[in-house]
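One line per chain: the protein sequences are R and F, in this order. Residue 240 is where the first sequence starts when you use this note's numbering, and the numbers rise one by one after that. Residue 240 is where the second sequence starts when you use this note's numbering, and the numbers rise one by one after that.
Hint data in this document are derived by calculation from the structure and do not stem from the laboratory. Among the clues, some could well be false.
Claimed, not checked - Away from chain R, derived, C-beta distances all over 12 Å, residues of chain F:
hint, residue
1, Asp262
2, Ala280
3, Arg286
4, Arg337
5, Arg339
6, Gly341
7, Asp345
8, Glu368
9, Arg403
10, Leu408
11, Ala666
12, Asp674
What the hints assert, rightly or not - Residues on chain F that point at chain R, a partial pick, calculated with CB under 8 Å:
hint, residue
13, Arg469
14, Val475
15, Val487
16, Gly506
17, Ser507
18, Arg520
19, Ala651
20, Glu743
21, Gly745
22, Val755
23, Leu759
We treat Cβ as the ideally placed atom computed from N, Cα and C, and that holds for glycine.
Protein chains: 2
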Amino acid sequence: MTPIVPTVPSHQQTEMHPQRWGDPARAAALPESARGLVELAFGLDERPAVEAVTLPASGLDDALLDALRDRLGAEHVHTDDATRRLRTRGKSTPDLLRARAGDLADAPDAVVRPGTHDEVAAVLAWAVEHHVAVVPFGGGTSVVGGLVARRDGYAGLVSLDLVRMKRLLAVDHVSMTATLEPGLRGPEAEALLAAEGLTLGHFPQSFEHATIGGFAATRSSGQSSAGYGRFDALVVGLRVATPRGDWVLGSSPANAAGPDLRQLVLGSEGAFGVITEVTVRVRRLPAVKVYEGWRWPSFDAGADAMRTLAQAGVLPTVLRLSDEHETAINLAKPDAIGSDSAPGCLMITGYEGDAAAVEARRAAVTAVLEGLGGVGLGTEPGQAWAHGRFDAPYLRDSMLDVGVLVETMETATWWSNRARLYADVRAALAASLGDGALVLCHVSHVYETGCSLYFTVAAKAGTDALAQWAAAKAAASDAMVAAGATITHHHAVGTDHRPWLTAEIGELGGSVLRAVKADLDPTGVLNPGVLVP
Amino acid sequence: MTPIVPTVPSHQQTEMHPQRWGDPARAAALPESARGLVELAFGLDERPAVEAVTLPASGLDDALLDALRDRLGAEHVHTDDATRRLRTRGKSTPDLLRARAGDLADAPDAVVRPGTHDEVAAVLAWAVEHHVAVVPFGGGTSVVGGLVARRDGYAGLVSLDLVRMKRLLAVDHVSMTATLEPGLRGPEAEALLAAEGLTLGHFPQSFEHATIGGFAATRSSGQSSAGYGRFDALVVGLRVATPRGDWVLGSSPANAAGPDLRQLVLGSEGAFGVITEVTVRVRRLPAVKVYEGWRWPSFDAGADAMRTLAQAGVLPTVLRLSDEHETAINLAKPDAIGSDSAPGCLMITGYEGDAAAVEARRAAVTAVLEGLGGVGLGTEPGQAWAHGRFDAPYLRDSMLDVGVLVETMETATWWSNRARLYADVRAALAASLGDGALVLCHVSHVYETGCSLYFTVAAKAGTDALAQWAAAKAAASDAMVAAGATITHHHAVGTDHRPWLTAEIGELGGSVLRAVKADLDPTGVLNPGVLVP
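Looking at chain R on its own, in the form it has when it is part of the complex:
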């Protein structure tokens, strides 16, 4: 079939704010309704971002870039400050703190925009020839330093921007698969699939800006993972441009033809190659979406209910549970902060599908939850969650504006280890950040054998907020490793988690990653310093 392309040309798409999350038009001051609450908890310490910024000059001279201009077209090789600024780092709180302070030391020397797999391959060949570091760039939403590659020893560093690769290459309505290009953002991919009556069903918090290639490269997991599966479970085929050539994987849904090498590309974070095509399992576009709230007397009681659902194979499409602290904040009025009269724990259940399937699944889940003592709250809390499901990063910016450090981190473990992990990470964060800090948590991804824990932290920013957060992050990461849990359930490794990766996958795991990297990227131009220990 003829590939289908989004109607909005890529160069007209909204770029994210260079110092904040998301659409610049949606940047806003802290809402008045929250201002009093924040003042009470942390005080208000206005810290506006530095407006004037100076980028390091591009370290790549024109002669070197001319070969790329010949190949891609001069209009797809950018060295201007405005474009380079938009490809500097990702969107972690440390990234934002640096950007707000006017620190653009990590700006790429150039931004190159190949339009096809072959052009990506040409960029890699050029990078190998001239020993230039290459950072693949999708939506720029990394929160783990995945876009901050090492540059020492390289002739320069380019951002390989996939923004032009936005085609839906193929749809197989019989096998229910679709082949997508990596530069499609979440809404663009969903729009193209919706025209075919299909959905991918992958809705992480970064959905509005993150891309298909990034989802694959980082093993993303979405808010509807209970129903649709995490992104790595959706992928059945991949095409990768590597410095050693083209690599196509995916002969069948599953097989025994040796190790599943797709699983080696998924999570490879641009260090082994650039993903240029992703074939995913798709589902029919749901006719009905219903989101509901449930109240549980405690986080333990709610988590046990989630475990029961997962192990019974009776899962809604969306399943989330906030702990007492997150529940209180979500319902907060000023006097609720620090109150002991916590309103229990809020669970969100969501159902998507045709009407009959939704009703059948909803009835089955409802029977289990009522049997376990859950109190149904109707659709209002569910609709409220669905309405704001992608908004939290905007609030983070508003909090940073008034001197409150906000960041998230996530982990996963077995059900039997959940309570320990929760207690240990909370304790580590509280000890590092001090008594005034808020530590909130929710479970947003469940499996038969375990679940994720997603922490949100807010604390009054000190004079060196970067060091303050680095210490808290290290304390929490140490606690995760000590508890035998993963250092990241769905944010990836990047540079921020790399110090802990060997503790998780072993010295031999690190050695294997280095061996694969050396095989596929022998001169080490791809995302140096990212992922591989």
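Since the structure of chain R is already known, use the hints to place chain F on it.
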């Protein structure tokens, strides 16, 4: 908890017949009821196995083995002919043809039986020191030449027999996981788990003899895969003894801490290390098991019904569909051979779980199948299938006794490619084996995006049956590759599929496997010549 060990000491367990499948006590001549049918189809050409056999002398001298005897105990290092014969090759038809002809050229020089992870590591250290090839041995049920390693350039070859490693090391009833040692055969693992009220639910045709370690190393898939998942989907943790040391993987059900390296060990066929512990997801022991039959007018109609079930997420525990030819043979009376009045296609649906879950699932599946025109045949065909589900390899031996070549092969593809793959492989086998050959097929594993195809072939054995089968196998494998399908859905690569592996995973895939092998097994002592292209 205290590890649990099976009640039958390992040295008293029944060994498989050295020239046939399975328990020697169950070896039998072709049943009289089938004899007439086989004579009609192929003629009877009695070909008894050669009784007297001579093994090559062990090429490893005692001095070399003494270090192992010191470490493992002399009683666990065997060089006698009887033991070595039982560890010679696997159970493919070519393996059996060679064994029946008295060809034991591939016998190992010694059989060594470590009892713990540390003893496995000691064997590997010894093998590296003396450059001895090591073939990990579980149940010996390989049908792809997975136990026939290369020995040129090595001081000798030992079979690393895991028969002593049969403990259930841990059970986590909250997370629903169990940690098993690799030498446990299917029934032994199920018995240990049943005492805990649990089941693994993994029942491949080799179940009675194959082991936990082998299931993991080969990405096995069982007859109940629709309900329990294929073995690689059951594994959440692994421990591996490699020549470079101990490797433990599995921090959480799923995560984003780089590529999932568990998926690199699964399917590694003993070429990267020896799997010494496997942590698997388990389920509650089912209270009810019901198996039923359904009739479809054609293979296409039945396969479309399977696809509908898989894509609706309404799957029974067991789901199989025989094509017209296999259905006819299964129902065969002598006059049915070659008849045009095929009785359609037989589907088996099975349900396992508690009574309420079974009834709910059965009702949902029944509604879909009846809506698509399936004709319910009640439980009799289902019970007949369940009764004989592990018996086909015994029949193969009886057929070989009368000069009929019988073998199986399997593949998988996307739903939209199923009909083409089926036609092409059938045509390739028919063209290679000639008009008198029978080619039967069934679908036994389904996914949302595709399914497996399992072929059984019977033909009159020529004077060089090995060459005859090699040609047919090559023709079928070429057809699978040409159709873009996998060379093996659940039998693994071994040595037999290795010539086609690069076509499936690409030159870069082969290169990556070599790089990982070189990293973990730098001197190449582990299963040389198996898997890695």
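Checked hints:
1. Asp262: Its Cβ never comes within 12 Å of chain R, the nearest being 26 Å, so this holds.
2. Ala280: holds, 31 Å
3. Arg286: holds, 31 Å
4. Arg337: Per Cβ check, arginine 337 of chain F is outside 12 Å of chain R; nearest 23 Å; holds.
5. Arg339: Holds: least Cβ distance 27 Å, greater than 12 Å.
6. Gly341: holds, 31 Å
7. Asp345: Check passes; 22 Å lies beyond 12 Å.
8. Glu368: holds, 20 Å
9. Arg403: The assertion about arginine 403 of chain F holds, with a minimum of 25 Å to chain R.
10. Leu408: holds, 15 Å
11. Ala666: Non-interface label stands for alanine 666 of chain F: nearest chain R Cβ at 20 Å, farther than 12 Å.
12. Asp674: The claim stands: aspartate 674 of chain F keeps its Cβ more than 12 Å from every Cβ of chain R (closest is about 31 Å).
13. Arg469: holds, 6 Å
14. Val475: At about 6 Å, which falls below the 8 Å cut-off, the nearest Cβ of chain R leaves the hint on valine 475 of chain F intact, so it holds.
15. Val487: Since chain R brings a Cβ to about 6 Å from valine 487 of chain F, closer than 8 Å, the hint holds.
16. Gly506: holds, 5 Å
17. Ser507: Constraint on serine 507 of chain F satisfied, holds at 6 Å.
18. Arg520: At 5 Å from the nearest chain R Cβ, arginine 520 of chain F passes the 8 Å test, so the hint holds.
19. Ala651: holds, 4 Å
20. Glu743: At about 5 Å, which falls below the 8 Å cut-off, the nearest Cβ of chain R leaves the hint on glutamate 743 of chain F intact, so it holds.
21. Gly745: holds, 5 Å
22. Val755: holds, 6 Å
23. Leu759: holds, 7 Å
Every hint from the earlier list agrees with this structure, and none is contradicted.
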